[in-house]
Amino acid sequence: MVKDPFAMPLARALATDELIRARDRARVDGLRRQRSLWQRLLLLLVLVGPGILVMIADNDAGGVMTYAQTGSSFGIGFYLPFLVLLGPVAYVVQEMTVRLGAVTRRGHAEMIWGRYGAAWGAFSLFDLVVANFLTLITEFIGITLGMRVLGVPPVWSAVGGAVLVLTVLLGLRYYTWERVALTIAAGNLVFVPLALMAHPHWSSVVSAFATWHVPGGITPVFVYVLLANLGTTIAPWMLFFQQSSVVDKGLTRRDIRHGQVDTAVGSAAMVLVALAIVVLTGTLVYHHSGTSPVGVVQIMQTLGARLGRTGEDLFALGLVEAGVIAAIAITASTSWATGEAFGWPKSINLPPQVAWRFYVPGIVSVALAAATVLIPHAPLGFLNLTVQVVATIFMPAAMLFLLLLLNDREIMGEYANKPWQNVAAIGIVGFLVLMNGLYGLTVVFPHLL
Amino acid sequence: MHREPMQTIRELRPLTRATPKGWVKWAFWFLRGYIVIMLAIVVIGFARGTL
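Those protein sequences? They're chains F and V, same order as listed.
Position one of the first sequence corresponds to residue 1 (my numbering), numbered consecutively onward.
Position one of the second sequence corresponds to residue 1001 (my numbering), numbered consecutively onward.
In case anyone wonders, no lab produced these hints; they're calculated from the structure.
The structure displayed is predicted, hence computed values, not measured ones.
Beta carbons are placed, not taken as given, at the ideal position from N, Cα and C, and that holds for glycine.
Worth double-checking, as some hints may not be accurate.
Here are a few chain V residues that face chain F, going by a calculated C-beta distance under 8 Å [to be verified]:
1. 1012
2. 1024
3. 1027
4. 1031
5. 1035
6. 1043
7. 1044
8. 1045
Based on the sequences and whatever the hints tell you, model everything.
Quick look at the structure:
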């Protein structure tokens, strides 16, 4: 008697999943044997993906809004060089997930759960799922805001966004899913021509790197914006996403070098887009707003007044793209992490009818997030703030687990962190804790700064 | 030429629980303290409306 009606189809699906991955590996090995420049380039193009995807998805709707508000409130003086510095920070953090995923062939949630026990595993999973859900809401806020500028009512844009994200997740196998996501991610570059359309004063851009000028001095708003920029550059979901992505793609120790190139290219693209947004709003909106925070709707209206309808529409399109690509990545991250924590079959290669438990957390979070933005008078501002609070508390914890795992020679062997990588990572955790502490002090003692 | 054997899901060894020792033990205590302090700040911030 067959006890579980899904058991046989699942076994077949798992075998198919391995077969797909083995076929992908055979293709990679075939390319690796070739020595011509063209074949080596092709190998790189096949292996890149998780790094570029995670970094571009990090420039999500919330990130675009944060960068736009940063440029509008503080100009380009301080934040331009600061964002350039955040590129290496993001690389150092994310590169560790490449090595961890390729060496252990396990996701981040599975590693924490298995190595440090169910309590820390459940803590990490709970934080991740909550933060991912709240972040998804901000993505749908971005999608509906941007589409409204383009003349589409929120109901259609929220439903359309959810359908697109779920179709991509449920209907494609990993490699195609990744390629489709990368194609959508390319839309993030729309902010670069927009920045050029603003005709920035290039001498001011260059001098920003020399002066690091903070308009208005160090105030609670400045600390808050600094933390928001840091929080939007390195976020907990990114660690879980890239490691799971590396595992699902089937990358091995031999692919680590390509994974590092992938992550470096992604970091550069992320910084380029972030700089473009700050230059754009720092040039066109800054002098019109002072140092008080400006809403994204007001920013788009100002851009429309200065650049014309095309400028406003392109910014809105960029906001929509940022929301969609991040929603695709975050939904996958939620499903992967839940599957890893509970030991379910977990791969985008698996069909939904047999690996339904893997897909359910992603489907539910997308449906709820899309529905939430349609609730009249929903406290979206409060939710946006809560995202940052949860992510802020969780990030040093997630980083600590990453550091512990990367120094665990029992599992990492020769791929464990080198001293300079530990110094850099501990410096990043220290800076995060320091900035969180400083922000916490301004919350408890509002007149401290 | 070195060739890595094909890796499959079935080859994964089971994960064993790590025993925190030395600086790792301190890191976990630091993490517990950090979480408690941050949660307290969040509660104060929301209660006062300063967050």
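Which earlier hints turn out false for this structure, listed by number in ascending order? 6
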